[in-house]
Structure formats: structure tokens, C-alpha cells
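Asks: So the protein sequences, as listed, match chains A and B.
At position 78 of the first sequence (counting the first as 1) the number is 78 in this note's numbering, and the numbers step up by one without a gap.
At position 160 of the second sequence (counting the first as 1) the number is 160 in this note's numbering, and the numbers step up by one without a gap.
Hints were generated in silico from the structure; no laboratory data involved.
Just so you know, these numbers come straight off a predicted model, no measurement behind them.
Built from N, CA and C at the ideal position, the CB exists for glycine as well.
It is possible that part of the hints are untrue.
Claimed, not checked - Capping the alpha-carbon separation at 30 Å, the derived lysine-lysine pairs in DSSO-like fashion look like this: (1) B:LYS40 <-> A:LYS180; (2) A:LYS302 <-> B:LYS34; (3) A:LYS302 <-> B:LYS303; (4) A:LYS302 <-> B:LYS40; (5) A:LYS306 <-> B:LYS34; (6) A:LYS42 <-> B:LYS264; (7) A:LYS42 <-> B:LYS265; (8) B:LYS265 <-> A:LYS39; (9) B:LYS34 <-> A:LYS42; (10) B:LYS264 <-> A:LYS47; (11) B:LYS4 <-> B:LYS230; (12) A:LYS39 <-> B:LYS230; (13) B:LYS211 <-> B:LYS230; (14) A:LYS198 <-> A:LYS306; (15) B:LYS86 <-> A:LYS306; (16) A:LYS51 <-> B:LYS200; (17) A:LYS306 <-> B:LYS40; (18) A:LYS39 <-> B:LYS34; (19) A:LYS225 <-> A:LYS180; (20) B:LYS264 <-> B:LYS34; (21) A:LYS302 <-> B:LYS86; (22) A:LYS180 <-> A:LYS302; (23) B:LYS264 <-> A:LYS39.
As the list claims (entries may be wrong) - Partial list, computed: chain A residues near chain B (C-beta under 8 Å): (24) VAL89; (25) LEU125; (26) PHE281; (27) ALA294.
This is what each chain is made of:
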Amino acid sequence: MAEITCREALNQALREEMERDSSIFILGEDVGLYEGSFKVTKGLLAKFGEKRVLDTPIAEAGIVGLACGAAMAGLRPIAELMTVNFAIVAMDQIFNHVAVASYMFGGQVRVPLTIRAPGGAGHQLGAQHSHSLEALFAHCPGLRVVVPSVPADAKGLLKSAIRSDDPVLFLEHEGLYGVKGEVPEGEHLVPLGRADIKRSGRDVTLVTLSRMVYVCLEAAEQLAKEGIDAEVVDLRGLNPLDMTTVLASLRKTRRAVTVEESWLSFGWGGEIVARIMEQGFDDLDAPVLRVGGADVPMPYNKHLEKSAIPDAARVAARVMELF
Amino acid sequence: MKEKSPRELLEPRDLLAIYRDMVRIREFEESCPKLYSQGKMGGFLHLYSGQEAVGVGVAHAMHREDYMVSAYREHGLIMAKGAEPKYVMAELFGKATGVSRGKGGSMHMFDADLRFMGGYGIVGGHLPLAVGVGYAILYRESDEVVVCLFGDGATNQGVFHEAMNMAALYRVPVVFVCENNGYGIGTSVVRASSLDQLYKKSCAYETPGLKVDGMDVLAVYEAVRQAVHKARSGEGPTYIEAITYRFRGHSISDPGTYRSEQEKKIWQERDPIPNFAAFLVQAGHFTKQELAAVDGEEQELIKAAIRFAEESPDPDPEELWTDLYVE
Ligand SMILES: Cc1ncc(C[n+]2csc(CCOP(=O)(O)OP(=O)(O)O)c2C)c(N)n1
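Start from the sequences, fold in the hints, and give me the full structure.
Replies: Structure, rendered in C-alpha cells:
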């Protein structure tokens, strides 16, 4: 198996799916000639031409709306939003059109649309370019929310997202594009809605996704030195949400901490805690704790920014509270 | 009576101030890439080199109490509005002494005293804010004006059209200045806008639209001066498209390979600073030596700004939690 970056894995997925299905087209700002602001669409314009790799104006509502209409009319668009913060400009289209069309029209129409958007903090980009908004989309029924962490998942999940007949928000982390890992060549599909155990352990379950997977793995190493064996569950997405894996892990470890990069308040960690209370209360030896980002707009200063995002030490410290 | 031209309106000391402001901004911006590569700043860094004639022309056509609102390529604009380079540099360093106290960074500078109402990172997002500032002026029946600067890319956002319509509808004292530098990141205007004569976009809103040479500081000054005057007299908004060019990539991480060397060279020859200097010398206002002295002073000023930024403290860790809610 080849070792490639997340960026290359995503590019492979796009290329292979476009080769397979001629109804797929890509649209977005700078996706064509410029080959994507994070270079995920590299080489695609040259290979597939302008009809299938469409450079758009800076008009997110227009991009998502156009893609939604095209999807309703039988195409399979992949819209790239330069970052997830700009998805908010298209929020009316996403929430009031993309998410509801199938249901509102009694199942007569499907919206097989994939919206790719990078996000996440860590590059001092300030309050309008740094947030992780997966919980926001997960709140809205009708949208699939997929969030990969490793290159193999990035490829396999993106292929499944593109093939899904539901609209999918495919959220990438800017800090992970350069991360390398082994990726199967060709047909490699990871089904949506299945969590993955990135490290198995006996004493505590860390429920997480995206870049925080790496933070949790690092925390697990620190905890190992304290004699605590942590299991790291990578949700790989929020809708569908794989509680089966979380609950199975909990039965083994009897303790859990959720770890998210985004704002803690009203975040997805709270949802996981609620579901554990409803479905796994008897397996708990301790309350479920949460770790999340500071509930503030992201500051620019690098020390302040760092302190606003969970790191391994913080996760480890929170876990220690359970013992 | 014939209108006076800017060459007649402006005293030599005004002309020198205009020259000085342009040089200051260029010196400031050109000092940044090195500091960035040394890790002194982070985030995105969108430099203004090449576009100085627009910001400086605009600022000199406004009063001090008039408002300015802009996008993220705004270091030059806030300095043109009067901010001292040291506070702008400190913001780039993320320091507590910065114009946004280290919390905003390159894209989000603000100076309430100078009525510089912010740099914003969502393309087009600040246009309705400018209309709102203008509405506040109307509401208070005062005679200030707001000037809103944005790139060519912003004119393709829906919010551009909403803002234009509302500004005209309520006769808000706003001057929209589109800095058309030919590109939105790597996409040229002609590939992004069905209409490439962007000044015509205002015609749907019965708002006068005009085009001006954005490499000629006096041309910008004159167009904005008239628009500001109209806005102040209750005649409502004007939309000005300034044709300009950014000499560097979109941001520090963009090599800008989508533009040909030939194209860059043509625009370099139109560099607003040496051209304005040549005009000042030719018209007999100043000697080359006098202008060189200004260049030297501005270089020193920027060096001092860098020292100030370096020596300034980081925000206190507690600042993570301040400013979110009123205490
Ligand atoms: C709503 C939104 N979409 C996309 C972006 C990413 N982006 C940042 S700058 C830029 C290009 C803007 O070009 P223009 O408005 O012409 O201004 P210029 O950079 O040329 O000054 C883009 C697409 C953004 N910041 N906001």
C-alpha cells in the first residue's frame, strides 16, 4: 500500500469517482485553474475539462444552490467551499433547501450532493476563518456529516459520500492535509456511519473525530505512563452517528470522555453524553466528561489561540479526574 | 465657474503628505514577508503593495470623522486613515499593543478613535455593515460619510447587491470603492463576473457608477472627493471602481503563478509611487532629494514600528475570556 497524504487521498477519491461516473462534476472557488486553495483538486481540470471542473465566482449561496438544483435534476455535484466558515454564507441554501428537499417533497426528489469544506483552528487565522462547525450541520436533519481523520478514511469516506444519495457535508481539517498514511489503491470504500477504533484500551474511552484523534492518541500515550489504558474511538462523522461502537467500547472501559475541537457549549460532545445516559448508563463507573474548545471567537495571538484549542495535556488531565 | 482640479486644490504640503503615506504603506508592507518567515507573525497576510494610490487617495478625500470599513487587505487602509505603523505592526505580531489588542491579526484591524470600522474576512460581508454605519449617520442627522472598500470578488456576492440596493433606497451617505486588482485569489475578473466593467454594476440600483485609474492617486482622490461631497449633501451613494493591481500574490502563501511575467511588468511600470514622485518633481513641487529624505524618514519609522512590536508584550492569558460580553 502506498503512503500518501490526506490531500492526495482526497484527490484520488475525486479522480476515481469522476472516472467512474460521468454525472459527477466539481464546482467551487479556484477549484479549476488554481487547482484548489488546498490543492485537493490538483490535475482535475486538465483531466476532466471545464464542464466537469467549474470555477465559480466567490458566491457561496450561489454555489450551493446551483449544486442543489443540479443534484435535483440528476447530476452528482461536489461543491468545494474554501473553508467551512464560508458555508455560513450558504446556510440558507444548506438548511432550507439542500437538507429539506427530499422530505418536503415526499421523497420525489433526492439531493445527491457532496459539500466539501476544510475547517479547524491552529493557523492563527482569527475569528472568521478558524472554527469547526460539524455540530451545526449535525443539528440539521437531512444532512449527512462526515469528518475523516486519516488518509485512508479520507479516501474511503469521500468515495462513499459521493455515492450517497443524501446530501453530505464532508468536513476536512486544514491541519491534516499533509498527514501521511497508508491508503489502499483503487476501490476502497469506508461506509458512512461507522466509527473506528484508532487505539484500543481497557480503562477509558475517548470519543473524538478529526484532528482531535491525534490529540487523543497523544493523550493516550501520556496516560499510559500513568498506567491508564485509553481507547480512542474516531467517530468519523456525526450523521449517521455510530453509538454502537461507542457503547461497546464503554462496556469494556466503563468510563468515557468526549473530545472536540469546536466550542464545548451545545457541541456534539453533549449529544454523545446524553445518548450514553439514555443507552449506556448502567455501564458507567464515573460521569462522562467533556473536553472542548473555549467558548470564544478564535483569537489571533498564537498563545491565546493555542489555549483555546484542546491539547493532549488537557485531555489527559481531564481523564485523570475519572480515576 | 470651472471646478478646480485636484492639482489646484491640493497644497504642496498635502501632496507631500500623500506621497509620504504611500511610501509608508509600501515600506511597511515590504517589511512583512521577512518578519513572517521569521515566525513573528502568523495567519494569512494579504499585502497591499501596488494598491497604495487607492487607499491613500480615498483617505485624503475624507474628513477625519468620516468612517472607513474594509475587507482583509487593510494594513494600508488603516494607516492611510491615520493609524501609526507601530500599532498596526504590533497587531501583526499579535501583541497587546496592537490595534485590535492582538486578537484580530492581519485581517481584523480596528481603530474606534480613527473611525476605522474594521477589516473583515468574509468576502462581501462588510458591505451591509457600511450601509448600517451610514444609516446611523442619517439617523443622527450628522454630516459624516462612510467609505466602504472591497475587492472585485466581493461584487459577485449576493450581499453586494443587497447593500447597494438598501444604500440607494435609503439614500445612505456611503461611498463604495471597489478595488479592482484583476483577481480574486487565482481567478481573474473576466472568469468570475459576467460583467467585467464592474462600475456598471450599480446601474441596477440607480446609483452613479464610475471608473477611475487606481494607479493615479490624484485621480482617486478627485473621484472620491466628489462622491464624498455628494454623500454629505444628502445625494446618497456613489460606486467607484478603481482599476489597480497587487504586486504580490493574493496572500503570503500564494506564489501568484497564474499571472504572466509580462502582465506583472506592465503593471510595475505603472507603480503609483515612483510615478507620483516623478510628477511631483516635474511639476516643480519638490526635488528628488526632498522626496528621498521622506523615503528615509519612513524607512526609519517602519524600523521603529518593528522594534515597538517586538518589545511589546503578548496579551495576558486571561484575555482569552475578555471582550466577549460586557462585564
Ligand atoms: C465568503 C468568502 N468566500 C471565500 C473567501 C476566501 N477568499 C478570501 S480572499 C478571496 C478573494 C477575494 O478577492 P477580491 O474580493 O477581489 O479581493 P482582493 O483579494 O483582490 O483584494 C477569497 C475567495 C472568503 N474570505 N470569504
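Asks: Does each hint fit the structure? Answer for all of them.
Replies: Tested hints:
no.: 1; hint: B:LYS40 <-> A:LYS180; result: holds, 28 Å
no.: 2; hint: A:LYS302 <-> B:LYS34; result: holds, 18 Å
no.: 3; hint: A:LYS302 <-> B:LYS303; result: holds, 23 Å
no.: 4; hint: A:LYS302 <-> B:LYS40; result: holds, 10 Å
no.: 5; hint: A:LYS306 <-> B:LYS34; result: holds, 24 Å
no.: 6; hint: A:LYS42 <-> B:LYS264; result: holds, 25 Å
no.: 7; hint: A:LYS42 <-> B:LYS265; result: holds, 28 Å
no.: 8; hint: B:LYS265 <-> A:LYS39; result: holds, 27 Å
no.: 9; hint: B:LYS34 <-> A:LYS42; result: holds, 29 Å
no.: 10; hint: B:LYS264 <-> A:LYS47; result: holds, 29 Å
no.: 11; hint: B:LYS4 <-> B:LYS230; result: holds, 16 Å
no.: 12; hint: A:LYS39 <-> B:LYS230; result: violated, 46 Å
no.: 13; hint: B:LYS211 <-> B:LYS230; result: holds, 17 Å
no.: 14; hint: A:LYS198 <-> A:LYS306; result: holds, 24 Å
no.: 15; hint: B:LYS86 <-> A:LYS306; result: holds, 25 Å
no.: 16; hint: A:LYS51 <-> B:LYS200; result: holds, 29 Å
no.: 17; hint: A:LYS306 <-> B:LYS40; result: holds, 16 Å
no.: 18; hint: A:LYS39 <-> B:LYS34; result: holds, 25 Å
no.: 19; hint: A:LYS225 <-> A:LYS180; result: holds, 26 Å
no.: 20; hint: B:LYS264 <-> B:LYS34; result: holds, 22 Å
no.: 21; hint: A:LYS302 <-> B:LYS86; result: holds, 19 Å
no.: 22; hint: A:LYS180 <-> A:LYS302; result: holds, 25 Å
no.: 23; hint: B:LYS264 <-> A:LYS39; result: holds, 24 Å
no.: 24; hint: VAL89; result: holds, 7 Å
no.: 25; hint: LEU125; result: holds, 5 Å
no.: 26; hint: PHE281; result: violated, 34 Å
no.: 27; hint: ALA294; result: holds, 6 Å
Hints 12 and 26, counting from the list given before, are not met by this structure.
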